[in-house]
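S.K.: Position 126 of the sequence shown, counted from 1, bears residue number 126 in the numbering used here, the numbering being contiguous throughout.
By construction, these hints were calculated from the structure, which means they are not laboratory data. The reader is advised that the hints may include incorrect statements.
With a Cα cut of at most 20 Å, we get these calculated EDC-like pairs of lysine to aspartate or glutamate [what the hints assert, rightly or not]:
hint: 1; residue 1: Lys169; residue 2: Asp25
hint: 2; residue 1: Lys71; residue 2: Asp127
hint: 3; residue 1: Lys71; residue 2: Asp96
hint: 4; residue 1: Lys168; residue 2: Asp25
hint: 5; residue 1: Lys71; residue 2: Asp125
hint: 6; residue 1: Lys71; residue 2: Glu131
hint: 7; residue 1: Lys85; residue 2: Asp25
hint: 8; residue 1: Lys121; residue 2: Glu131
hint: 9; residue 1: Lys80; residue 2: Asp96
hint: 10; residue 1: Lys169; residue 2: Asp102
hint: 11; residue 1: Lys121; residue 2: Glu174
Nothing here was measured: the structure is a model prediction, and the numbers come from that model.
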Amino acid sequence: MRVIAGSAGGVPLHTPRTDLRPTMDRVKAAIFSSLGERVIGARVLDLFAGTGGLGIEALSRGSASAAFVEKNAQAVEAIKRNLAKTGLQGTVQQADVFSFLDRLAAPAAYDIIFADPPYVKADGDRDFGTELLPSLQRALAPDGIFVLEKMPRAPFPKNMAWECMRLKKYGATEVAFLCAPAVNP
Numbered sequence: 001m002r003v004i005a006g007s008a009g010g011v012p013l014h015t016p017r018t019d020l021r022p023t024m025d026r027v028k029a030a031i032f033s034s035l036g037e038r039v040i041g042a043r044v045l046d047l048f049a050g051t052g053g054l055g056i057e058a059l060s061r062g063s064a065s066a067a068f069v070e071k072n073a074q075a076v077e078a079i080k081r082n083l084a085k086t087g088l089q090g091t092v093q094q095a096d097v098f099s100f101l102d103r104l105a106a107p108a109a110y111d112i113i114f115a116d117p118p119y120v121k122a123d124g125d126r127d128f129g130t131e132l133l134p135s136l137q138r139a140l141a142p143d144g145i146f147v148l149e150k151m152p153r154a155p156f157p158k159n160m161a162w163e164c165m166r167l168k169k170y171g172a173t174e175v176a177f178l179c180a181p182a183v184n185p
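Taking the hints into account, I'd like the entire structure generated from these sequences.
M.R.: This is how it looks when you write it as structure tokens:
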């Protein structure tokens, strides 16, 4: 796993020995190709940040700032190590994503929010992706975009108050680009 492009392009990223599922380079490249110039100057939030790959890629490509939220201590250390390795600056919070969104995220603070939560693999598993949808609306800027990695074909909740602008499958990952209903990308 590495930074794909920008000021830190080509720098390999450290991945701790945990059950993290880092975003594959080809998926990351596709996400940033879809976002295009929207990344430049954006305020970015990377939830379930893992190694920090998405937020670091955004910083490398010209984002104004990036905040990383991750609960796992080993992953938090990997994010810090990867920021130092790339020479990029970001804020790292070791916290539960939902607590961060409820208590620490300022209203309309982020232009792009990335989330790569654990996938629902069996009936009864917690569906973090679906749970995130109502929590994000306060933190996302009015013209912002939410990029969610999820299990392919996992349904969105009925009566979802988000507009899905793009949905693309990449092997065992599906990426949804979501925005508030009244906003066009």
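S.K.: Hints numbered earlier in the text: which of these fail when held up against the supplied structure?
M.R.: Of the numbered hints, just 10 does not hold.
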